[in-house]
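Visitor: Sequence:
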Amino acid sequence: MPCCGTPFASVRLGHLKCLTLYRTEDLLLADNSGYCLLHVAAKLGNLRVINYLIDKAPCLMDARNDLHETPLIVAANYGQIHVVCRLLDTPHNEALQRACHQDKNGTTCLLGAVEKSDNEIALFLLKRFGKTLCAIGNKLGMLPLHVAASNGNVEFIRIATKYDQKMVHIKDSFGSVPLIYAIQSKCIMSIRYLVEKAKSDVKTKTSKGQTLLHVACINGDVPTIKYFLNILGTETILVATNDLANCLHCATFHGNIDALKLLVEYWPKKKRKGVLGIRDSRGNTPLHLAAINNHSLIAQYLISYLVNTRATNNLSQTALEIARKRNAHAVFKIIKTFEGALRFLRSTQSDDDCSTLIPDPPRTVVAKNGKPLDGNHLHMPNQDVFHKNMPTQFIPMTQYANGKMYDDEAFSVIAEIDKVLENA
39 MPCCGTPFAS
49 VRLGHLKCLT
59 LYRTEDLLLA
69 DNSGYCLLHV
79 AAKLGNLRVI
89 NYLIDKAPCL
99 MDARNDLHET
109 PLIVAANYGQ
119 IHVVCRLLDT
129 PHNEALQRAC
139 HQDKNGTTCL
149 LGAVEKSDNE
159 IALFLLKRFG
169 KTLCAIGNKL
179 GMLPLHVAAS
189 NGNVEFIRIA
199 TKYDQKMVHI
209 KDSFGSVPLI
219 YAIQSKCIMS
229 IRYLVEKAKS
239 DVKTKTSKGQ
249 TLLHVACING
259 DVPTIKYFLN
269 ILGTETILVA
279 TNDLANCLHC
289 ATFHGNIDAL
299 KLLVEYWPKK
309 KRKGVLGIRD
319 SRGNTPLHLA
329 AINNHSLIAQ
339 YLISYLVNTR
349 ATNNLSQTAL
359 EIARKRNAHA
369 VFKIIKTFEG
379 ALRFLRSTQS
389 DDDCSTLIPD
399 PPRTVVAKNG
409 KPLDGNHLHM
419 PNQDVFHKNM
429 PTQFIPMTQY
439 ANGKMYDDEA
449 FSVIAEIDKV
459 LENA
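Every position in the sequence shown, counted from 1, becomes a number in this note's numbering once 38 is added.
Please note: incorrect hints may appear among the correct ones.
Claimed, not checked - Taking lysine-lysine and the DSSO-like style, the derived pairs with C-alpha atoms no more than 30 Å apart in a straight line are:
1) K299 - K371
2) K224 - K204
3) K246 - K177
4) K200 - K169
5) K200 - K243
6) K237 - K209
7) K142 - K241
8) K169 - K235
9) K177 - K299
10) K200 - K299
11) K200 - K165
12) K200 - K241
13) K94 - K169
14) K235 - K264
15) K311 - K299
16) K371 - K311
17) K165 - K204
18) K264 - K237
19) K237 - K307
Just so you know, these hints were derived from the structure itself, not from any lab. Every value quoted in this text rests on a predicted model; they were computed, and no experiment measured them.
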């Protein structure tokens with residue numbers, strides 16, 4: 039009698055002698071998850087046990103568990119290169135059919151190896167089966183090249199594109215080409231190889247209408263943003279997606295302050311306030327989006343350009359109201375303090391206007407005999423004030439005063455904002 043109670047115990051413990059004592063029918067058993075003995079042995083990488091099981095029950099090589107995984111897929115997922123080689127040590131057509139098998143998610147053994155960034159297994163499979171295996175995607179339409187790009191696996195990208203360079207143009211179910219995933223990985227080497235060597239289309243867009251620059255701004259990687267700004271041009275910053283969101287909206291919504299600052303610097307200072315007030319399809323300005331996700335640094339930066347905090351979206355909500363509803367306390371405090379400072383400055387300005395526009399009342403000049411002089415001898419403190427305050431001459435003076443007050447207000451607001459930012 040074997041010392042192991044079950045064949046599974048023999049495989050897990052590596053007791054080949056115990057395993058030989060079981061009948062062939064016992065070797066075909068599966069556990070509650072559909073794993074057979076060869077699945078377990080492939081996971082553990084015990085070649086002696088694997089060779090015995092294949093010799094006694096060859097059908098186990100194509101057995102499937104509840105996820106439709108074969109022992110080959112399990113071995114690839116767990117990095118067992120020797121097991122992979124053993125399971126594919128058959129005639130080419132049989133090996134190709136086994137290698138092209140997909141589990142319930144559409145994952146092949148090659149996809150499994152690439153997901154783990156196991157280039158030893160991945161390149162072995164790629165060399166053995168080439169384009170045929172590399173062109174099989176999962177249920178989401180993702181090829182091994184998409185997965186390699188998302189992992190920043192430049193080595194696999196370089197070799198895979200030599201088998202078929204057209205794969206760089208294939209989109210998955212999300213409308214994304216491998217270059218999109220390379221941007222998300224923040225691997226500038228993968229990005230440059232796909233663009234400069236594999237000739238991936240830089241004008242491509244996702245199913246949401248996002249350009250490569252939109253994706254880079256969502257990801258927030260500054261070197262990637264600079265790279266695509268040099269290729270696509272600064273006019274791409276304001277290109278709108280299907281939701282009318284430009285790159286400023288994308289950077290703001292995801293809280294990428296460095297990306298936002300970089301994008302804004304490409305605009306003249308006089309135009310920055312207007313650019314930062316552009317709305318998306320829901321009527322949200324960048325300040326609304328900062329309030330939605332409580333990005334306080336973004337809110338501080340936007341307010342430094344005196345953006346309109348009273349702007350409303352399609353639901354008639356201001357950024358302050360959104361911050362209140364979403365419990366974005368940091369952004370709420372910043373906007374509230376800024377609006378309070380503005381109200382104070384405007385009230386101060388209105389008081390100053392009243393005091394400067396009311397002339398001094400005339401005073402009566404008394405003669406030497408103690409009697410007041412007649413109206414022709416009234417004296418005004420400001421000489422010739424009647425002529426100076428004629429409507430044709432008074433209006434330009436008022437405009438000049440208002441312009442000066444506006445400049446003073448702007449500088450005062452900026453100074454007040456600096457205090458707010460220091461205390462926030």
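Visitor: So, for every hint listed, does it hold in this structure?
Guide: Hints, one by one, checked against the model:
1. The straight-line distance between the Cα atoms of K299 and K371 is roughly 22 Å, inside the 30 Å bound, and the hint therefore holds.
2. Taking the CA atoms of K224 and K204, the gap is near 23 Å; set against the 30 Å cutoff, the hint holds.
3. Pair hint K246 plus K177 holds up; C-alpha atoms about 20 Å apart against a cutoff of 30 Å.
4. The straight-line distance between the Cα atoms of K200 and K169 is roughly 10 Å, inside the 30 Å bound, and the hint therefore holds.
5. For the proposed pair K200 and K243, the alpha carbon gap of about 24 Å is at most 30 Å, so the pair holds.
6. At most 30 Å may separate the alpha-carbon atoms for a hinted pair to count; K237 and K209 meet this at roughly 15 Å.
7. For the hint linking K142 to K241, the alpha-carbon distance of about 34 Å lies beyond 30 Å, and the restraint is violated.
8. Taking the CA atoms of K169 and K235, the gap is about 19 Å. The hint holds against a cut of 30 Å.
9. Straight-line distance between C-alpha atoms of K177 and K299 comes to about 39 Å, which puts the hinted pair past the 30 Å bound.
10. Distance restraint check for K200 and K299: the Cα-Cα separation of roughly 39 Å exceeds the 30 Å cut-off, and the hinted pair is therefore not satisfied.
11. Our distance criterion of 30 Å between C-alpha atoms is met by K200 and K165, whose separation comes to about 11 Å.
12. Under the criterion of a C-alpha separation no larger than 30 Å, the hint pairing K200 with K241 is consistent with the structure, at around 22 Å.
13. Distance check on the hinted pair: K94 and K169 sit about 34 Å apart at the alpha-carbon level, beyond 30 Å; violated.
14. A C-alpha spacing of about 19 Å is found between K235 and K264, which places the hinted pair at or below 30 Å, so the restraint holds.
15. The hinted pair formed by K311 and K299 meets the criterion: a straight-line CA distance of about 13 Å does not exceed 30 Å.
16. A C-alpha spacing of about 21 Å is found between K371 and K311, which places the hinted pair at or below 30 Å, so the restraint holds.
17. A distance of roughly 18 Å separates the Cα atoms of K165 and K204; the hinted pair therefore holds under the 30 Å criterion.
18. Distance hint between K264 and K237 is fulfilled; the C-alpha atoms sit about 19 Å from each other, no more than 30 Å.
19. Taken as a hint, the K237 and K307 pair is broken in the structure, with Cα atoms around 36 Å apart against an allowance of 30 Å.
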